[in-house]
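Student: Here is how the chains run, residue by residue.
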Amino acid sequence: MPLLDEIEAAIPGLRAYARALLRDRDAADDLVQDTLETAVARAGQWRGEGSLRGWLCRILLNRFRDGLRRRPAPVLALVQDPATPPQGEARLMLAEVHAAMGRLPEDQRAALLLVALQGMSLSEAAQVLGCAEGTLASRLARARAALRQMTGRDEGPRPRKGNQ
Amino acid sequence: MTPAPLSDDEALRLRHGGGDDRQRLLVLAGTDPALAARLAEWDRQDAAITALYAPVADEPVPQRLRAALHAAPAPRPRLPLWRVAALLAILGCGFAAGWGTARLTPPAEAPRLAAAALGSYATYASEVLHPVEVSAADEAHLVKWLSKRLGTAIRPPDLAAEGFRLIGGRLLPGDTSPAALLMYEDDLGRRLALYVTRSEGQETEMAFAEEPGAQAFWWIDGNLGCALAGDLPRDQLRRLAISAYHGLTEV
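The listed protein sequences correspond, in order, to chains S and G. Under the numbering used here, the residue at position 7 of the first sequence is numbered 7, and the numbers go up by one with no gaps. Under the numbering used here, the residue at position 78 of the second sequence is numbered 78, and the numbers go up by one with no gaps.
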């Protein structure tokens, strides 16, 4: 498949990731658009090594961090509701998780979404984030513990730290 | 001999590792109920995240994104026009919106309005015993009192069409005048706080702001700065804000 077609096929996944990261439809699509333009401009650098999705996610996260640096103090952010209005009994739980995701530090949210939403393995996600797998595992552990605490599911055993 | 329990880091490395790793983790969980409980919780988290965000991938891809693959990058508006209009109106100067072009500077008065409404909502909407100072049972007195203290006539908007009824109001300190807080409630016990204060700012269109657990639409209309805060779906809150906008000053 030509590279442009492959990139185009990745757009829906990028949109979902960006929406979950930024929590605003327009800002997320802007971020995806920036990502696509950057990817096209740098297509010459793509060597076909590793996954194209990972390469695109890496560009997206770099653009995302650029945006964070430009953003003024994030007291109030323009944001939007989750993509799907949840129905029935699960509604409250999903709303809680959506709110809790919004309260996670950006690096934890970005990392958790790579594995939980994009279904990446730890090693693929670590490459995207440019960090060691151990660093990523700790970040995921913190994100999941925070999520559990914020969604009121923290009655169970405390998160286990390293046991050496 | 019992093996040392896995740390969260170790368990997550296996869970997000290869097939063999995940298999090994399941075997370990078979004899470790605490580990099994953690895995179940992580499964629930992932299921919720997927349910929340994966459906975005099924939405039709906007044409501008496809076009981005085939056209040279060009300057483009990055916010819906109404938002640009609202922000430009308050700033009175240009800013280029969005990623990659320029800095988005919040208008000076806007954060105060939205923050005051969100703060009041957080403080008083959760009050069981005293959400309001003057109850809606005495609406005539409430309106007279708040109008007098604000120095301008206000009228609690009727939000019954959206299922919300006025339960009362209170007076709060504000920037340019005292502020009125009108509290509404629906049959599910969900509350809305309508924050109204005198404003010398330029009129704006509606804009949206959010904090964890609460959202607000705010606007400046005539000499009133207003914000409606609640924890509702954004479309519903917008409809309510538009009703409030129309209802506040109608005679």
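Think of the hints as simulated: they come from the structure by calculation, not from any bench. Where is the CB? At the ideal position from N, CA and C, for every residue including glycine. It cannot be assumed that every hint is accurate.
Ranges of calculated distance between the beta carbons of each label pair, as one might list FRET restraints [unchecked claim]:
#1 213(G) with 4(S): 40 to 48 Å
#2 246(G) with 131(S): 29 to 37 Å
#3 135(G) with 66(S): 48 to 56 Å
#4 21(G) with 65(S): 26 to 34 Å
#5 239(G) with 123(S): 20 to 28 Å
#6 9(S) with 203(G): 44 to 52 Å
#7 128(G) with 65(S): 40 to 48 Å
#8 3(S) with 212(G): 23 to 31 Å
#9 20(G) with 9(S): 24 to 32 Å
#10 66(S) with 212(G): 23 to 31 Å
#11 238(G) with 42(S): 18 to 26 Å
#12 176(G) with 65(S): 35 to 43 Å
#13 26(G) with 65(S): 29 to 37 Å
#14 131(S) with 158(G): 52 to 60 Å
Student: Each hint: holds or not?
Tutor: These are the hints, each one checked on the structure:
A hinted range of 40 to 48 Å holds for the C-beta pair residue 213(G) and residue 4(S), which are about 42 Å apart. One distance hint, 29 to 37 Å for the beta-carbon pair residue 246(G) and residue 131(S), is violated here, with the actual separation near 52 Å. Restraint check, residue 135(G) to residue 66(S): a C-beta distance of roughly 51 Å satisfies the suggested window 48 to 56 Å. Checking the proposed 26 to 34 Å range against residue 21(G) and residue 65(S) shows it holds: the Cβ atoms sit about 30 Å from each other.
For residue 239(G) paired with residue 123(S), a C-beta distance near 47 Å fails the hint of 20 to 28 Å. Between residue 9(S) and residue 203(G) the CB atoms are about 46 Å apart, so this pair conforms to the stated range of 44 to 52 Å. In this structure, residue 128(G) and residue 65(S) meet the distance hint of 40 to 48 Å, their C-beta atoms being roughly 43 Å apart. Take residue 3(S) and residue 212(G): their Cβ atoms lie about 40 Å apart, and the range 23 to 31 Å is violated.
In this structure the hint that residue 20(G) and residue 9(S) lie 24 to 32 Å apart at CB holds, the actual value being about 30 Å. With their beta carbons about 25 Å apart, residue 66(S) and residue 212(G) fall inside the hinted range of 23 to 31 Å. For the hinted restraint 18 to 26 Å between residue 238(G) and residue 42(S), the CB-CB distance of approximately 39 Å leaves it violated. Distance hint check for residue 176(G) and residue 65(S): the Cβ-Cβ separation is about 39 Å, which falls inside the suggested range of 35 to 43 Å.
Under the hint 29 to 37 Å, the C-beta atoms of residue 26(G) and residue 65(S), about 36 Å apart, fit the expected range. Between residue 131(S) and residue 158(G), the C-beta spacing of about 55 Å keeps the proposed range 52 to 60 Å intact.
Hints 2, 5, 8, 11 from the list above are not met by this structure, while the remaining hints are.
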